[in-house]
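> What follows is the residue order along each chain.
Protein chains: 2
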Amino acid sequence: MSDSINSASLNLPSGTELAFGTLLNVCSTLNQPGTAQELLDNLLLQARRLVNAQAGTVFLVNHSQLRFVCCQNDARPDLCVAPKPYELDRVSLSGTRISVDETSLAGYVARYKEPLRIDDAYNMPSSVCHKFDTSHDKTTGYRTKSLLVIPLIDRLGDTVGVLQLINKQIPTGETDTAFTERDQQIALAVASLAAVCIRNAKLRDTLRDSHLDTIMRLSTAAEFRDDDTGQHIRRVSFYCETIARNAGCGPETSQIILFASPMHDIGKLGIPDAILTKPGPLSREERLAMQEHTVLGAKILNGSDNEIIAMAESIALAHHEKWDGSGYPAGLRGEDIPLPGRICAVADVFDALTSKRVYKNAFPFSEAIDLIRQGIGTHFDPWLVDVFLSARGEIEIIHEALTE
Amino acid sequence: MSDSINSASLNLPSGTELAFGTLLNVCSTLNQPGTAQELLDNLLLQARRLVNAQAGTVFLVNHSQLRFVCCQNDARPDLCVAPKPYELDRVSLSGTRISVDETSLAGYVARYKEPLRIDDAYNMPSSVCHKFDTSHDKTTGYRTKSLLVIPLIDRLGDTVGVLQLINKQIPTGETDTAFTERDQQIALAVASLAAVCIRNAKLRDTLRDSHLDTIMRLSTAAEFRDDDTGQHIRRVSFYCETIARNAGCGPETSQIILFASPMHDIGKLGIPDAILTKPGPLSREERLAMQEHTVLGAKILNGSDNEIIAMAESIALAHHEKWDGSGYPAGLRGEDIPLPGRICAVADVFDALTSKRVYKNAFPFSEAIDLIRQGIGTHFDPWLVDVFLSARGEIEIIHEALTE
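Keeping their order, the protein sequence lines are chains A and B.
For the first sequence, the positions run 1 to 404 when my numbering is used.
For the second sequence, the positions run 1 to 404 when my numbering is used.
Hints may be right or wrong, so weigh each one.
To be verified - Heads up, simulated DSS-like pairs for lysine-lysine below, C-alpha to C-alpha not over 30 Å straight-line:
#1 A:K113 <-> A:K138
#2 B:K145 <-> B:K113
#3 A:K299 <-> B:K113
#4 B:K299 <-> A:K356
#5 A:K322 <-> A:K356
#6 B:K145 <-> A:K278
#7 B:K113 <-> B:K131
#8 A:K202 <-> B:K360
#9 A:K299 <-> B:K202
#10 A:K299 <-> B:K360
#11 B:K299 <-> A:K360
#12 A:K360 <-> A:K278
#13 A:K299 <-> B:K356
#14 A:K299 <-> B:K278
#15 B:K278 <-> A:K278
#16 B:K131 <-> A:K202
Keep in mind the hints are simulated off the structure, nothing from the lab.
Input sequences plus hints: build the corresponding full structure.
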């Protein structure tokens, strides 16, 4: 209590007052806008302030290994390369991989789910099971001494990550530079908040993945009658996402297009076999009946307040419209055609060109690209074709990965 | 600072120390198992401890009205009726509805997104815009005096609820019984955590609803060729959920069955029109081809790590098996047939009986019930038929709501 009496006489907030204020602040900012990455960065920063740590790291458990997702070091900001845009399990996280075992402190903590408080990493009793991995210090020249290493445990009791606070600094009025029991309590509280963030982000990812899985399977099944591999659906969906992203749609909208575009032909479910799988050319009546799949698809998807289904409705209805107004069902022209429909038109035709059908062979990749270029201004939005051509590398990767 | 000096001399933790400890505790318990309801209850309890409030309420915004979801009162525990099992937007919340406007303090706070700190609800300056709604006090005889009313604001800046802390008690060493500026800071921090809980629970609900919407629409579309209303899919799905829940499956499994069962006939997508929609009786070959829809459905859904799709695979494969082993495709017998398949068999046949088909009229509800009873031990699991019969009231409600 000595510091609180001192500060009281100086009329300044005590150490506990300051810490309490910071912790209140942490709680209050937890609800601010931002990605999971930004939230974790902020939690790490606040934790370091609360316990006076010079550096700190947040690791995530990713396929039974630890990868760092946040890294802060006041003494050596050069060591803190920002990781790639953060999507938890999805993207490869930065930095070295650490095994979940005793060969490192973070690995030990992740494995045994117990926090470690270490006064000097280079002078640990020989009796302990955990080891300090000196390789990072050797590479960087940074010298680690005191450490607080805290497991991030989710509600189910699983380790989702590790919070590591490094090198306690000397706060005013203190002489000892080891982390205290109180520091550990604070770190545990922040670790709990971080685990909640990670768990929620993962849960959202899982729910989204389930949803996409369902859409892909059912949309693919709906193509059974004219394409039993279903790869067309997947390719078109990934092409659409690529075009959307390169057209500047932003990650969220691009993801909705990824989820929505597999359903572009869902209206074909209402077209009888006699027309859908007819080997020869269609009569005028049959062609008009076939064109109804756009309207029918929109009807199946109509009136949802779910943004994926709403986008799918728009794509189903508009993906056969043409830039010059000669398409169907409405004969819309230019930018009157909703953007997702224009995107799907390019993706759908490109995939039809590169696919083998009963009545035609597959065009080679570069020939199909040329044919798309020829549709500029008549069939396709000229700007979107430019975007498509500039993303040719990404398109080719999808084409090769998803073509048997 | 006076209390911290006093307590220091007594070697007891200061007020701030206590509050800091409690707040650490709140953070640490945020990650414990439990429903959103339990989490909010716990947050309310901790907030009350931190500011010494005798009573408290958490309201949620639900269709532009406030309904209470947590209610605590140390003086009058009788007033705290536990609300129904809590599913945020889904169920009707307990208690009176409060409009989001100036006619009540909670309504005002929800509308204008600013906290209120009130020393005496019955003696507010006449100049303020907000009113204290005395009706609750009148009904209960409880006397409200001091109040802290805090909006729960989510990341997007929307009000998701209101935290209300009522009647500050006199803590040791203090004489004033109004909430302080510090109390308000604490309540804001807890409110932020509560808003995070609510937002995450709502986001999960939204993602689940989107997923169910997608499943229902695509499964319904897949039935286009032999049932253009698609109500069969919805009815079977709700019947399955009802049977599962009454068979003791628990809310989570019952929900998975609700989500999975619409896909039971998805394999029909692979059956040609010539067989699927043939008006007369099928030949032996045609019947066998038709039976393939079970195997085909399972193939479409095969090998997913998503539990909904995995359950759907099991149901698609097994819903035509019969208790006595005379079903298809595998001729499984008794409990060798997976439970969800046995449940769907009852639901599917019952719905076929009560539906009009090209070749038959619909049986009246009670006749269909009798016919199901006749299938005990041959077609159906006897225990599940008992469950079905005991849930007859719920079945009838679904039947009436979803039959045109």
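> Each hint: holds or not?
Hints, verified against the model:
Our distance criterion of 30 Å between C-alpha atoms is met by A:K113 and A:K138, whose separation comes to about 27 Å. For the proposed pair B:K145 and B:K113, the alpha carbon gap of about 22 Å is at most 30 Å, so the pair holds. This hinted pair does not check out: A:K299 and B:K113 have alpha carbons roughly 40 Å apart, beyond 30 Å. Under the criterion of a C-alpha separation no larger than 30 Å, the hint pairing B:K299 with A:K356 is consistent with the structure, at around 24 Å.
Under the criterion of a C-alpha separation no larger than 30 Å, the hint pairing A:K322 with A:K356 is consistent with the structure, at around 23 Å. Between B:K145 and A:K278 the alpha-carbon distance is near 79 Å, which puts this suggested pair outside the 30 Å criterion. Between B:K113 and B:K131, the direct Cα distance comes to roughly 16 Å. Compliance with the 30 Å bound is thereby established for this hinted pair. The suggested pairing of A:K202 with B:K360 is violated, with an alpha-carbon distance near 50 Å, which exceeds 30 Å.
Taking the CA atoms of A:K299 and B:K202, the gap is near 28 Å; set against the 30 Å cutoff, the hint holds. Using a Cα cut-off of 30 Å, the hinted pair A:K299 and B:K360 holds, with the two alpha carbons roughly 29 Å apart. Proposed proximity of B:K299 and A:K360 is supported: the alpha carbons are some 29 Å apart, at most 30 Å. As the CA atoms of A:K360 and A:K278 are separated by approximately 15 Å, the hinted pair is consistent with the 30 Å bound.
The hinted pair formed by A:K299 and B:K356 meets the criterion: a straight-line CA distance of about 24 Å does not exceed 30 Å. Taking the CA atoms of A:K299 and B:K278, the gap is near 26 Å; set against the 30 Å cutoff, the hint holds. Between B:K278 and A:K278, the direct Cα distance comes to roughly 19 Å. Compliance with the 30 Å bound is thereby established for this hinted pair. Restraint check for B:K131 and A:K202: not satisfied, since their Cα atoms lie roughly 43 Å apart, outside the 30 Å limit.
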